[in-house]
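Colleague: Just so you know, the protein sequences line up as chains R and Y, in that order.
If you count the first sequence from 1, position 6 lands on 6 in this note's numbering, and the numbers rise without skipping.
If you count the second sequence from 1, position 12 lands on 12 in this note's numbering, and the numbers rise without skipping.
Since the hints were derived computationally from the structure, they do not count as laboratory data.
The model shown is predicted, which means the values in this text are computed figures rather than measured ones.
There are no misleading hints in this set.
With the Cβ distance kept under 10 Å, some of the chain Y side facing chain R (calculated, not the full set):
id	residue
1	38
2	100
3	105
Each residue gets a CB set at the ideal place from its N, CA and C atoms; glycine is no exception.
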Amino acid sequence: MTTRRPAPVYLNLFRISFPVGAVTSFAHRVSGVLLTLSFPFLVYLLDLSLQDADGFSRATAWLQSTGFRFGSALIAWSMFHHLFSGVRYLLIDIEAGVGLRQARASAWLVNIAGVAATLLYLGWVL
Amino acid sequence: MSHRADGLRTWLLQRVSAIYLGVFLLYVLAHFWLNPHLDYVAWHGWVASPVVSIAGAGFILALLIHGWVGLRDVTLDYIHHLGLRLVVLTLVAFLLIGCGFWAMRILIVISS
Chain R
1 MTTRRPAPVY
11 LNLFRISFPV
21 GAVTSFAHRV
31 SGVLLTLSFP
41 FLVYLLDLSL
51 QDADGFSRAT
61 AWLQSTGFRF
71 GSALIAWSMF
81 HHLFSGVRYL
91 LIDIEAGVGL
101 RQARASAWLV
111 NIAGVAATLL
121 YLGWVL
Chain Y
1 MSHRADGLRT
11 WLLQRVSAIY
21 LGVFLLYVLA
31 HFWLNPHLDY
41 VAWHGWVASP
51 VVSIAGAGFI
61 LALLIHGWVG
71 LRDVTLDYIH
81 HLGLRLVVLT
91 LVAFLLIGCG
101 FWAMRILIVI
111 SS
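Bound-form chain R, shown alone (with noise of 0.2 Å):
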């Protein structure tokens, strides 16, 4: 197929304006890459963590240690986002809330509680 109208083409990062669902959608991609990566950190937590009583006390200890905060913060972030992204995609797969509107303000709100939940997982875990 040819068009004859040339497409626009606005590469520059700074100039292109990502609407809300397109962060969701993004961050749905990213968040399941690091899901991933993390899951032989997550089974060797279980594993460690069922051992014997020092195996556990290890564990928890790594989930509140200083060092790991900051890895720990983008696990839950990403296993929230996810959870909730994906709730979205699915009630839209049942065409529940497909309209511009309802779409923008699911997508603003999965983002928002995606970070509240991971503020709250970190109020919790410290």
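Here the structure of chain R is known, so what remains is to put chain Y in place on it, guided by the hints.
Modeller: Relative to chain R, chain Y alone:
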């Protein structure tokens, strides 16, 4: 199975596994929420209980399916060089299968 039907099957697998993962994850989070001061004995007993270890094995299986479909999609979208694509997909497969066996082993050992 035709290529189109295969795509539909993958789409469905991703949704079904997503629902399982979401429900189990909420169950685990609710357990942590309701039992904030877990100790080793309580934690070990909870994971070793038949319901949790069997549902957990299902979670691992759903995670392998969901992770594979998701990372395959992301890889095919962003990596266009065929050789690099194969390398990345192979590494993803090893990561998922390796961690899957490891997690299954933990669940089998703890419940036996």
